[in-house]
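With these hints in hand, go ahead and build the complete structure from the sequences.
Top line first, the protein sequences correspond to chains A and B.
Start counting the first sequence at 1; every next residue gets the next number (this note's numbering).
Start counting the second sequence at 1; every next residue gets the next number (this note's numbering).
Just so you know, these hints were derived from the structure itself, not from any lab.
The C-beta atom is built at its ideal place from N, Cα and C for all residues, glycine as well.
There could be a bad hint or two in this list.
What the hints assert, rightly or not - One-sided excerpt, in silico: chain B residues whose CB lies under 10 Å from chain A:
{"id": "1", "residue": "GLU29"}
{"id": "2", "residue": "SER84"}
{"id": "3", "residue": "GLU87"}
{"id": "4", "residue": "ALA136"}
{"id": "5", "residue": "ASP138"}
As the list claims (entries may be wrong) - Interface residues of chain B toward chain A, partial, derived using beta-carbon atoms under 8 Å:
{"id": "6", "residue": "THR4"}
{"id": "7", "residue": "ALA16"}
{"id": "8", "residue": "TYR19"}
{"id": "9", "residue": "ALA52"}
{"id": "10", "residue": "GLY60"}
{"id": "11", "residue": "VAL85"}
{"id": "12", "residue": "HIS95"}
{"id": "13", "residue": "GLN97"}
{"id": "14", "residue": "GLY105"}
{"id": "15", "residue": "THR110"}
{"id": "16", "residue": "LYS115"}
{"id": "17", "residue": "ILE130"}
{"id": "18", "residue": "GLN133"}
{"id": "19", "residue": "ALA142"}
Protein chains: 2
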Amino acid sequence: MQITSRFTIAIHILVAIDYFKDMDRVNSEFLAGSTGVNPVIIRTVISRLREAGILSTQRGSSGANLTRPLSEITFYDIYRAVDSVDEQEGLFHFHEQPHPDCPVGGNIHTALDGKLDDIQHVMEERMKTITVQDVADDVLKAVREKSKEE
Amino acid sequence: MQITSRFTIAIHILVAIDYFKDMDRVNSEFLAGSTGVNPVIIRTVISRLREAGILSTQRGSSGANLTRPLSEITFYDIYRAVDSVDEQEGLFHFHEQPHPDCPVGGNIHTALDGKLDDIQHVMEERMKTITVQDVADDVLKAVREKSKEE
DNA sequence: GATAGTTGTAATATATCACATTACATCTTT
DNA sequence: AAAGATGTAATGTGATATATTACAACTATC
Numbered sequence: 001m002q003i004t005s006r007f008t009i010a011i012h013i014l015v016a017i018d019y020f021k022d023m024d025r026v027n028s029e030f031l032a033g034s035t036g037v038n039p040v041i042i043r044t045v046i047s048r049l050r051e052a053g054i055l056s057t058q059r060g061s062s063g064a065n066l067t068r069p070l071s072e073i074t075f076y077d078i079y080r081a082v083d084s085v086d087e088q089e090g091l092f093h094f095h096e097q098p099h100p101d102c103p104v105g106g107n108i109h110t111a112l113d114g115k116l117d118d119i120q121h122v123m124e125e126r127m128k129t130i131t132v133q134d135v136a137d138d139v140l141k142a143v144r145e146k147s148k149e150e
Numbered sequence: 001m002q003i004t005s006r007f008t009i010a011i012h013i014l015v016a017i018d019y020f021k022d023m024d025r026v027n028s029e030f031l032a033g034s035t036g037v038n039p040v041i042i043r044t045v046i047s048r049l050r051e052a053g054i055l056s057t058q059r060g061s062s063g064a065n066l067t068r069p070l071s072e073i074t075f076y077d078i079y080r081a082v083d084s085v086d087e088q089e090g091l092f093h094f095h096e097q098p099h100p101d102c103p104v105g106g107n108i109h110t111a112l113d114g115k116l117d118d119i120q121h122v123m124e125e126r127m128k129t130i131t132v133q134d135v136a137d138d139v140l141k142a143v144r145e146k147s148k149e150e
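Set out below in structure tokens:
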């Protein structure tokens, strides 16, 4: 299994919105071209980012506005915004009907749930330490490296 | 998305094999009852554990033998054994066709891949610190708690 | 050595989900 | 009013997880 590409798409979108903010009309068509993803998917990802308060948009009018700088948008914010992992269900799919009358089956949740939460938690905490600005910086760096080579 | 239940099933199975080792014939039918999972699924999970060298089985003959104590089987070992996350693909599904000629699309992998690997890595490292024995201990504890209550 | 019990595995079915796509109502800008 | 956007519903398609049936291969026991 894999975490949905909505997550990397959202990061890509945010970097692009910032990168091209003064140069182009950054509409869903443009972002679809940059990401190689269908424009409707772009719009739904943007919808989720909007619902999460990360950016704002106007019906009919092109482009999106960030509500805060990229340096204040963490990977965790995006992960939550685009529902990379369902908040209720959790990262691990637990088999659903362990037998309650079996000593193991009847106690496996008690014994295991906390440990699974732990694992998910370290992952999410690490996500909180990385921001979209970190990505934007590295994109810029790479762009400059390439232009040097010519 | 969620990590396949094969992971929790495998942990459940290993705890049960150990717990019942002197009491019952722990065959796939028995484990299917304890987990609430189809016996064929049980056998395929056991197959993977066998391929990973965690236990051995004999065709025709009931039961499985652990090749090492539960205290030496980590969550990471199981995670790898049952292919919870494809080793090639990684935890995050990257959108597949970012546009190479776009400054953002052409550099997003360079900028993002290492960060995604980092996140996956902290999760996997935490998995290495938890063993199936930890679960078995907590199952036993819970069993004893419940028997006290009577 | 015949029988019953078991594992290993292929083949198929079903449900769910991710992503693509079409279509269109709604809104903004010119 | 016309052109260009967004928001979103509806539908299609492919991939994947799990369940299930079926059976060959093997072991233990009577």
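Each hint tested on the structure:
no., hint, in the structure
1, GLU29, "13 Å, violated"
2, SER84, "7 Å, holds"
3, GLU87, "12 Å, violated"
4, ALA136, "8 Å, holds"
5, ASP138, "4 Å, holds"
6, THR4, "6 Å, holds"
7, ALA16, "5 Å, holds"
8, TYR19, "5 Å, holds"
9, ALA52, "19 Å, violated"
10, GLY60, "25 Å, violated"
11, VAL85, "7 Å, holds"
12, HIS95, "4 Å, holds"
13, GLN97, "3 Å, holds"
14, GLY105, "5 Å, holds"
15, THR110, "5 Å, holds"
16, LYS115, "5 Å, holds"
17, ILE130, "5 Å, holds"
18, GLN133, "11 Å, violated"
19, ALA142, "4 Å, holds"
Comparing the model with each earlier hint shows violations of hints 1, 3, 9, 10 and 18; every other hint is respected.
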